[in-house]
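Trainee: One-letter residues, chain by chain:
There are 2 protein chains.
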Amino acid sequence: MSDRPRAVILLSGGVDSATAAALTAREGYALYALSFAYGQRHAAELDSARRVARALGAARHEILTIDLRAFGGSALTADLAVPKDRDEKAMGADIPVTYVPARNTIFLAFALAWAEVLEASAIVIGVNVYDYSGYPDCRPEYIEAFERMATLATKAGVEGRQRVTIRTPLIRMTKAEIIRAGTAAGVDYSLTLSCYDPSDEAAACGRCDACVLRRKGFVEAGVPDPTRYRAS
Amino acid sequence: MSDRPRAVILLSGGVDSATAAALTAREGYALYALSFAYGQRHAAELDSARRVARALGAARHEILTIDLRAFGGSALTADLAVPKDRDEKAMGADIPVTYVPARNTIFLAFALAWAEVLEASAIVIGVNVYDYSGYPDCRPEYIEAFERMATLATKAGVEGRQRVTIRTPLIRMTKAEIIRAGTAAGVDYSLTLSCYDPSDEAAACGRCDACVLRRKGFVEAGVPDPTRYRAS
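Chains as they are written, first to last, in this note's numbering: chain A, 49 to 280; chain B, 49 to 280.
Misleading hints may appear alongside valid ones.
What the hints assert, rightly or not - List time: in silico SDA-like cross-link candidates among lysine to any residue, alpha-carbon distance up to 20 Å: (1) Lys203(B) x Asn176(A); (2) Lys203(B) x Glu136(A); (3) Lys203(A) x Cys186(B); (4) Lys203(B) x Asp245(A); (5) Lys203(B) x Cys186(A); (6) Lys264(B) x Pro131(B); (7) Lys264(A) x Arg151(A); (8) Lys132(B) x Arg276(B); (9) Lys203(B) x Lys264(A); (10) Lys264(A) x Arg228(A); (11) Lys203(B) x Arg278(A); (12) Lys203(B) x Glu189(A); (13) Lys203(B) x Glu192(A); (14) Lys203(A) x Pro188(B); (15) Lys203(A) x Lys203(B); (16) Lys203(A) x Glu192(B); (17) Lys203(A) x Val177(B); (18) Lys203(A) x Ile219(B); (19) Lys203(B) x Pro188(A); (20) Lys203(A) x Glu189(B); (21) Lys203(A) x Tyr178(B); (22) Lys203(A) x Lys132(B); (23) Lys203(A) x Arg276(B); (24) Lys203(A) x Glu189(A); (25) Lys203(B) x Ile219(A); (26) Lys203(B) x Arg151(A); (27) Lys203(A) x Tyr183(B); (28) Lys264(B) x Asp248(B); (29) Lys203(A) x Asn176(A); (30) Lys264(B) x Asn176(B); (31) Lys203(A) x Glu136(B); (32) Lys203(B) x Gly120(A); (33) Lys203(A) x Arg187(B); (34) Lys264(A) x Asp248(A); (35) Lys264(A) x Thr222(A); (36) Lys203(B) x Tyr183(A); (37) Lys264(A) x Ser169(A); (38) Lys203(B) x Pro184(A).
Rather than coming from a laboratory, the hints here were simulated on the basis of the structure.
Sequences are here, hints too, so could you generate the full structure?
Mentor: Encoded structure:
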């Protein structure tokens with residue numbers, strides 16, 4: 049056990065959460081990484097989360113299994129086609145098929161449970177408002193409302209003894225800014241996986257929305273892209 | 049499919065959620081019952097939830113498996129002794145060992161996900177402020193904060209198209225009032241199970257906090273107690 053303040057960090061295995069974790073570690077927090085197996089088609093992202101947690105020296109890494117499939121479809125959790133080669137305008141036009149309802153709320157709720165047990169002072173989530181998807185649950189208003197609810201949810205919060213803040217270090221950063229900040233903080237992005245449709249060997253497709261945005265981010269950041277893309 | 053408004057109801061298999069469900073059905077809602085297998089020692093409560101959902105004519109009943117044990121102990125999910133024969137003062141003195149961190153937040157988050165998919169207009173939870181435990185997440189302030197967060201979490205909520213209200217029909221009712229209201233609404237309480245420590249045949253112990261409060265409720269309501277208590 050360490051005397052450092054503790055942070056529960058939601059870790060997906062992608063660029064954003066790895067960067068948020070690295071920035072949080074640099075501030076002196078002990079990291080308690082939390083990932084979810086929620087019926088993703090790409091379980092490879094959990095391997096990436098494991099590698100990232102290890103590389104950042106997380107105090108613990110828990111992977112919870114939850115099944116969102118009972119509630120209905122999304123490309124990430126059902127057998128729909130992943131859209132490819134879309135520009136950002138097309139990505140933003142509607143709710144993507146990769147949408148999972150109330151996902152951030154569910155993930156933050158579990159993080160809150162662990163934070164309470166750990167007496168952690170922070171929950172960290174790598175959302176940002178420039179996400180192509182425009183998910184409402186990536187906006188500051190939503191995060192603030194969750195934090196207020198979280199304070200009212202626990203005895204320690206109500207009594208002011210242990211208030212958990214929801215930290216969103218990337219919330220106003222572009223993908224390029226995120227990649228630059230993470231590179232400066234020593235993130236090894238070759239450990240991360242963003243692709244919605246990776247190969248069996250966890251090579252990225254290069255063409256799904258997540259790959260398109262990630263590639264563009266590396267180009268704009270002027271940082272060499274270490275992603276392993278598959279042929280074709 | 050029905051044209052009735054839809055409500056997602058959190059159904060534990062106990063007195064309170066069965067009553068909340070019956071009152072909601074009486075208002076004309078189609079019930080979508082949601083239960084959780086979260087490592088309870090007493091899986092028998094899920095059988096009760098199934099019976100209650102069937103008796104109330106729920107449109108669907110989903111049981112989600114989640115594992116809160118990864119985060120640490122509670123009598124409901126770990127192997128600690130269940131306190132017996134306590135009076136209400138003793139029950140209220142501290143956070144009971146049956147406490148599960150952030151449980152209502154996690155349950156409501158899943159309910160929100162399903163409500164979004166179903167386009168349900170209500171989420172129903174059978175909390176009440178007189179619960180011996182004094183859990184902060186049974187208070188109106190908490191419920192209102194969750195509702196506000198939920199509105200900000202979804203596109204439909206933000207745009208005002210589909211606002212989900214969190215309904216707490218029992219929030220200011222005593223156990224006796226709950227039992228009277230449920231009896232008037234036709235709830236068959238012999239289908240429900242409250243006990244923290246039931247026998248293998250799902251007979252109630254009669255002595256844990258939940259049994260003590262339930263027994264007292266039936267006495268005060270002047271309603272015959274149909275609970276099957278075990279011998280000794």
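Trainee: Take the hints in turn and mark each one as holding or not.
Mentor: Each hint, compared with the structure:
no.	hint	verdict
1	Lys203(B) x Asn176(A)	16 Å, holds
2	Lys203(B) x Glu136(A)	19 Å, holds
3	Lys203(A) x Cys186(B)	11 Å, holds
4	Lys203(B) x Asp245(A)	26 Å, violated
5	Lys203(B) x Cys186(A)	11 Å, holds
6	Lys264(B) x Pro131(B)	17 Å, holds
7	Lys264(A) x Arg151(A)	25 Å, violated
8	Lys132(B) x Arg276(B)	17 Å, holds
9	Lys203(B) x Lys264(A)	27 Å, violated
10	Lys264(A) x Arg228(A)	13 Å, holds
11	Lys203(B) x Arg278(A)	35 Å, violated
12	Lys203(B) x Glu189(A)	13 Å, holds
13	Lys203(B) x Glu192(A)	17 Å, holds
14	Lys203(A) x Pro188(B)	14 Å, holds
15	Lys203(A) x Lys203(B)	31 Å, violated
16	Lys203(A) x Glu192(B)	17 Å, holds
17	Lys203(A) x Val177(B)	14 Å, holds
18	Lys203(A) x Ile219(B)	18 Å, holds
19	Lys203(B) x Pro188(A)	14 Å, holds
20	Lys203(A) x Glu189(B)	13 Å, holds
21	Lys203(A) x Tyr178(B)	16 Å, holds
22	Lys203(A) x Lys132(B)	24 Å, violated
23	Lys203(A) x Arg276(B)	34 Å, violated
24	Lys203(A) x Glu189(A)	24 Å, violated
25	Lys203(B) x Ile219(A)	18 Å, holds
26	Lys203(B) x Arg151(A)	13 Å, holds
27	Lys203(A) x Tyr183(B)	7 Å, holds
28	Lys264(B) x Asp248(B)	24 Å, violated
29	Lys203(A) x Asn176(A)	30 Å, violated
30	Lys264(B) x Asn176(B)	16 Å, holds
31	Lys203(A) x Glu136(B)	19 Å, holds
32	Lys203(B) x Gly120(A)	17 Å, holds
33	Lys203(A) x Arg187(B)	11 Å, holds
34	Lys264(A) x Asp248(A)	24 Å, violated
35	Lys264(A) x Thr222(A)	11 Å, holds
36	Lys203(B) x Tyr183(A)	7 Å, holds
37	Lys264(A) x Ser169(A)	35 Å, violated
38	Lys203(B) x Pro184(A)	6 Å, holds
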